[in-house]
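Protein chains in written order, with numbering that gives the first Met the number 0: chain A, 0 to 214; chain B, 0 to 420.
Hints are computed from structural coordinates only; laboratory data are not their basis.
Please note that the accuracy of each hint is not assured.
Covered by chain A, per the in silico footprint, the following chain B stretches (three or more residues, Cβ under 8 Å) [claimed, not checked]:
| # | region |
| --- | --- |
| 1 | 320-333 |
| 2 | 366-376 |
| 3 | 381-395 |
Note that this is a predicted model, so its numbers are computed, not measured.
Note that the Cβ used here is the ideal one computed from N, Cα and C, for glycine as well.
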Amino acid sequence: MTDGYSGNSAGANAGAGNGMQSGGQNGAQSARKFIREPAKRVFAAELRETRLQFKDGNDEKSPVYVILPTGERCNRIFFCGQMTQKEKKGDDTPFYTARVTDPTGIFFINAGSYQQEAMAKISKIEQGMYVSVIGKPVVRTTPDGSVFVSVRVENISVTDIDTAKIWIDDAAKATLDRIAVFGKTDDSIKAEEFYNTNLDVYKQAAYNALIKTEM
Amino acid sequence: MELDPQMIERISRKVIEMGGVAEEAKIRSKLNLLINDLGINEVEAERMVIEKYSSDLAANKPSGNQNAELGKISDANPGDWVNIVGKVVSLSAPVSPAMSQTGIIADDSGAIRFVVWAKANAPTLELGSWYRLESATVDEYRGSPSMKIHSGTKIREVDEVCTLIPQPVPIAEIKPGIATVRVKVVQNWEPRHERMMQTGMVGDETGTVKFVTWKDESNTAVEEGKIYTVYYAGVDEYQGRLSLNFTGATILEDEGADLDVADGSTTVFGAFLNMGPGSGVIKRCPVEGCTRVLNRQNYCPDHEVQTDFRYDLRVTGVLDDGVCARNILMQREVVEAVTGITLEKAVEMVQSPLGLDDVVDKLKEVMMGRYFRCRGSNLDGTILVSSCEFVDYDSANHAALINRASESVEVLQSGAQGGND
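With the hints as constraints, model all of the structure from the sequences given.
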């Protein structure tokens, strides 16, 4: 469980309205009180474009964040979709990879020996089923130089289409909310510099996802 | 040897810059002593005289100056040297022989705890009297500002300055230090310490907070359901939680009044994204009044091994709306209602070797990654859920989002169909 906790110093919205907060500086507080990082809602189309990854702090256990093109940091994401192309890999130390599709694209998920519970669950889930996934986004550069964004699974559960539809609305809202404050938060200014984000692309993706679930 | 007039001039200037009074004769006699009697060289002597003035000024800032600037108690911050005029509104028994008196002093801006050190040789301060305190220091004790009266502090009793009518502060806005509050006693709890006279919970329209009254000669007990104005209560902070200390405070009942105490009940929406340890079937200590959870060896931290335990069912976890991850705690009734897994069924499962884990797996299967709306009260950052329901797909919300998304981009409609697949 400790793995799931990170300091409060991060995140434009971290701790907003959280009753646990007391006075004091962020730095002093993160040492004393650990506040769980919320899981951000992001569409596959946006996660696929994510490149900016950094460590918040110099400690070995400092959390690793990515900054989304729409300008919010996250070290945990939540999404729903249909699972496809499940594969068991590795001989001595087996791990699973799979794809989860949402209306905008594909999430690449994996679970290895450090995610025993998630691995066991993936092994049992049949392809084509709707799943909900909680996991950590990881940006990697492959040996041939291409960049690959995957999600290390913390938890995966079979879910239903209704939950997947609620998630699409949830993710669309989160995307539009991020776009609404783009350029006004520190992280979104960083994102603007790094990605030179064309916000219309992500508005379009959100809109398309919403329209698709109409059918 | 004749003293250099320029040197005296330089020293005078420095002293005046530091806010002191430069008397030429005094400076001259000091220099004379150092240079002519003790044979110290001029440069060194000049430095020593300036240093002497500077340290005198720092230790006794307004020395010889009756018009020293007065401060307000509310402006006193840890690290400050202060001069104030205030009324002793409360005295308490000192907790250490190094202190001769402890209490609270107030002016029209606020109130602060004070300590008179035994070594200060200060006159005894009387409850209800006004004093002018010069060169007291302020530091911080357990997160609250505290004023220290030491041997360098000048104390003079003065006539009453004004009638103090402290204004009550809403519970939601109290800060460590001293506060006057108008509250209703929500609950009286059993004191858990022999030095404790009373403890419980009080609240107003803005929130609730724990209170404690330690045993002391001068204390007033409060009754459940009644409303009181508590003048100069201590506000303590422990591990980020605030509590009120009524010891020595002036407590007046507000007879016949009523107050709607905020019940702290909130509704939160989000996805259930983490099931914490301590979820599932647990065993509780059977000892009367103890509800602690036994460990796998049936050991209660208070009552040792208990084999006659009773089973209970609960879920701890995180409800996450993407902006905030809130800890929630569901007791048996709520868990049963939401998941359909009853305590009876769960206890049946527990009888098999991996039963405990099986129950947790079942609960996870039903709850993980699903959206819930929970109602409950917030206790130190954990929401004690009193009712909880699965969230249904909301087509009105969906339509509103489509509108919102299409407003932002004009060209969308045409692009929407062709743009995908």
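Hint check, failures only: none
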